[in-house]
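Chains as they are written, first to last, in my numbering: chain A, 2 to 337; chain B, 2 to 337.
Copies of the same chain look alike in the list, so a pair counts if it works inside one copy or between any two.
Below, simulated EDC-like cross-link-like pairs (lysine to aspartate or glutamate); rule was C-alpha separation at most 16 Å, straight line:
id	residue 1	residue 2
1	Lys230	Glu242
2	Lys230	Glu243
3	Lys37	Asp258
4	Lys235	Glu204
5	Lys235	Glu222
FYI, nobody ran anything at the bench for these hints, they're computed from the structure. Nothing here was measured: the structure is a model prediction, and the numbers come from that model.
There are 2 protein chains.
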Amino acid sequence: MKCRVCREPAVIDIRRHNANFCVEHFLRLCRDQVVKAIDRHEMLRPTDRVLVAISGGKDSLALWDILVALGYEADGLYLGLGIGDYSASSEGFARRFAEERGLSLEVVDLQEEYGFNVPEGARAARRVPCSACGLSKRHLFDEAARRGEYDAVATGHNLDDEAAVLFGNVLRWQQDYLGRQRPVLPAGCGFPRKVKPLVRLGEREMAAYCVLRGIEYMVEECPMAVGNKHLGYKEALNAIEEQSPGSKHDFYFGYLDRVVDRFGESAGRDGSDIGTCARCGAPAGNEVCAFCRLLERVGGADPGHRSEPAGTGNRTSVSIGPTRVGTTGGVTGARQ
Amino acid sequence: MKCRVCREPAVIDIRRHNANFCVEHFLRLCRDQVVKAIDRHEMLRPTDRVLVAISGGKDSLALWDILVALGYEADGLYLGLGIGDYSASSEGFARRFAEERGLSLEVVDLQEEYGFNVPEGARAARRVPCSACGLSKRHLFDEAARRGEYDAVATGHNLDDEAAVLFGNVLRWQQDYLGRQRPVLPAGCGFPRKVKPLVRLGEREMAAYCVLRGIEYMVEECPMAVGNKHLGYKEALNAIEEQSPGSKHDFYFGYLDRVVDRFGESAGRDGSDIGTCARCGAPAGNEVCAFCRLLERVGGADPGHRSEPAGTGNRTSVSIGPTRVGTTGGVTGARQ
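All chains should be modelled from the sequences, with the hints used to inform the complete structure.
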């Protein structure tokens, strides 16, 4: 097994590329694929300040690593979701990654900041955990990007993730989701731009990238996600990919190249139905945003609206290395 | 486990209906689902003469049984594809079914009529067997419908089949196929109407229908199809269905209800590119139809164009019961 580029011994084969790579050229391939994704989909300008959504898993840490290597000004934001040991371990991986590299990581703890965790939130809202979690993450990343004045939020969704989401949306023909499933969602109506620079790289490649770069990451899947539909879609697509390498790539990029426009005229938000949340000031389709409705059901509170003085709040906004993210005061201000 | 209708002991559960049924009400359900499919998609008028494509498997025999039970004038056509023991056994099941019920079955043997079989045809055409087979079947069923002046050709494609085909088309986003994937293809340009009355019934239900009706059928899958992509798609969807009963139904009917029109304005053939095959007279997109091109590559011959006198041909057109299908002379005439 020889590297396609240099003919030296290879360490990994990528069946959908029908090629093998040595360490050096595999790492270069990963960076090149990120560059290609960013260019083709006009995700980022070279001077953009990027907020990277960090989970402590392989994808988000590899993404952060690559964006920094490519010269982007990229800070991390980790959300403590309160999912027992899983969250504690994940946070450790995120903190160590940032510390060792002198990168700026903000940590926001849902329990300490808002008085609830994902398992409680899901129960109170009678949602599946992944739904309450996704809602909270979107809200808090958007908010952090606004107050930190970042140009974009980057998430570590890889090809396997996106193909599985597309498969789920196709299985139910959820046309509104289908129209919006693009690797870039432009800024608009108070929402920051969202980009997914890893869409050209698979799950296995991201794990290999971390191993070869010496990045330690949280290997375990989130215990709340076990048995969820998304993982079922991944397994189904893995079986197809095994039979026909390249199927996931063709499915996802065929959709972007030829079909997505049939489901939505443009990637933009038209804004006609977006106002401002009466409680937190975030952009919202209703009078009160979905996150504040979740807060209400779970009996939690927005720290900006708690009865006790702001100084007694439990916010543990932590920055390691050069701090670019706003402080607690800034957050409260932004919300009011 | 009690029957949803009569509360007597049930013999089958159908998870996507979240219900169990006794023999009587399960058989009624199957017929009702066929009636519903025929009505909703305007497949057949009560007086239509229907040619049923018979393979000897559970779906085609159950379809024939149900159409006759519903009062349709339905004859069968079996094609001997020359796939060794598989074809010999399948033909036996088809013949016995027709014989025992006094139904009219025509048998056309590819080897005897056209001088090749599916394995040879696939090799010569460098196509996968299922492709050469499908091409031959479409051509010969269309032709038989024309010469027999049938109003429609009915095939036994069930919900599992259609969902798997849709999945395959979606995985590659084959937009031309997607636009045409409907349970009815209207007649036009010399092609007969094609209908799929079993689209509301799953594979397992069709097997149960045959067992409960005492219909003996060819259980084995076609040996040429083993390991093909279509079966892989079925397995992937089965895993999804296991997790979420009703997924296949929602996938297929959601597509028909809300999405198919995005891929094709209408189900009709516009005919702008359809002429007549210079060799056999069938409608064709090119000067020579795909079947005659296959014949040429395989070194076979259309019986209407063989050098030996027509009377010496090997055609074994067999009718059991009242004969409505044209004879060899009729066939040759129709082709010239």
